[in-house]
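Participant: So the sequences go chain by chain: A and B.
Here our numbering is used: the first residue of the first sequence is 170, the next is one more, and so on.
Here our numbering is used: the first residue of the second sequence is 771, the next is one more, and so on.
If you are wondering where the hints come from, they were derived from the structure by calculation, not from laboratory data.
Just so it is clear, the structure is predicted and the values come from calculations on it, not from any experiment.
Each statement offered as a hint is correct.
Derived lysine-lysine pairs resembling DSS-like cross-links, with alpha carbons at most 30 Å apart:
#1 B/K828 - B/K776
#2 B/K799 - B/K776
#3 A/K250 - A/K314
#4 B/K799 - B/K828
#5 A/K452 - B/K828
#6 A/K428 - B/K828
#7 A/K210 - A/K267
#8 A/K428 - B/K799
#9 A/K267 - A/K250
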Amino acid sequence: MDTVAPPWSQTVGDEGRWPLGADPLDTAPMISPELFEIERKRVFGRVWLKVGRVHEIPTPGDYKVKRLDVARTSAILVRGKDGAIRAFHNICPHRGNKVIPEDGNETFGRARANVLSCRFHGWVFNTDGPIRAIPREANFGAIDKACLGLRPIHCDIWEGFIFVCLDETPRQTLTEYLGEIGTHFAGYPYGEATTSFRYSSVLNCNWRVALYAFTEGYHVPTIHAGTFPSLATLEQTSFRLFGPHSTSTLYVPPVEGVKPTPATAAFGGVLRSSDLHGPHLDKLPAEINPTRRSDFQFEFPTFFPNFLLHLGAGNGYPGIAFFTHQFWPLSYNRTLWEGTNYFRPPRNLAERVAIAHINALHRNGWSEDTSTMENSQEALESGVLPQMVLMDEELMIRNTHVNLQCCMDTP
Amino acid sequence: MGTLPKGFDHLSDLLPEWAFATENARSEKRWASTPRQFQVFYDAMMPELDRILALLAKYQAQGAPEDVANLFRLTMAFAEAAPHTEMYANSNSVPNSFDARRVVAAHGERAE
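With the sequences and hints as input, model every part of the structure.
Facilitator: Next comes the structure, spelled out in structure tokens:
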């Protein structure tokens, strides 16, 4: 595939903070329907977007339909008879019905006998795309069946995460697109953490308002004073910019006298003392927490544009291997937020309840995070704040913002 | 009323009120609970928690006998209710938070 270097690879420096400058950022993209339309097409229509994990569709025939409202489509992710995962638009090439009816943002199912069939007129497709059977085919006259397979979407996999690119001709392969952040995060046994708890909500705010709130540690001592008072000493450091992507590391130096509450100490203790769920800092990729500090909380990145992969290695929140956030624009001021915690599968009932406790604590913390977003959107829509200033630890916001603008300025 | 393993009989009064099979049902219960209900639950469960966890550790993640499954469901409820007592002053919501009813758990109806 021919690749064209995207604009960001030439413009945004990798040298750290100051190459990005210190100017205030325009808030217009968060409140403008017109700018959102440009962003929708020039960012979300072109980049690689994470849409799933391979363990969600483990055996041939398994599929997941993921709504991609930002591109006005849905993607069928299906594992073929050959074991490969492919992506198709969920549309019948006959008259446009959805091949698989959807029951929400994510729909799971199984293709019997490795075929998908449209219930409108009974067209049948192989799970690798080609049309297999058209009822009363002779009555169509001359049709070119080679053109009547499921419409493919570019699909690739990195570390078990399924990505799609909606551009007809992607400007980069997934490996090229991820670049150094792909190697920075590579090698952790993500595939072992198959017990997941996914939460979602539609937030009445621009997707950037939600994303930005989850990509800085500055808010932690204030917003999370209720659920995570122990995080008051949070240290966000080791910033790295990888083109449009970025990362940093969160450590929490212990504070004398601050201990977990009794229930959290008991439940967390089950996981901390477990050979399976306990901290496994040795399994972190070499560049993440390189000195293996024991007060490591998690690696805290932004995978451009809308995916956060917080890698904890069983440390910090006891037992959580990693957790993810994703922010899907629905309109200029509505966003589907998804947050998912990943644990290694519990072996006994004590581990199950312990995981439930940590998962609940974390879920509750997210409800503190999401509490500011709709207020921020309403206030921003007043137009009173055309620009916003950022402090050092809000660097990843700046990197995302600058690179989004870069994409939006590219015809 | 369900039964609990030997040595935990004194907690069986809590079963009808707290032991549910799904996260959604447990959430509904938490959102409807009074400060007193949280405190009574906490005061009954917390002193027994180490003993409960030791027992539950002996059973595989699936397929436990009914009395153990009851204790498991009760402890699942406690796993989610305890923060309300320990951190939220027995409030049925997280202080200064987004409306929990607007958050959808993909696994919320899955029986555990």
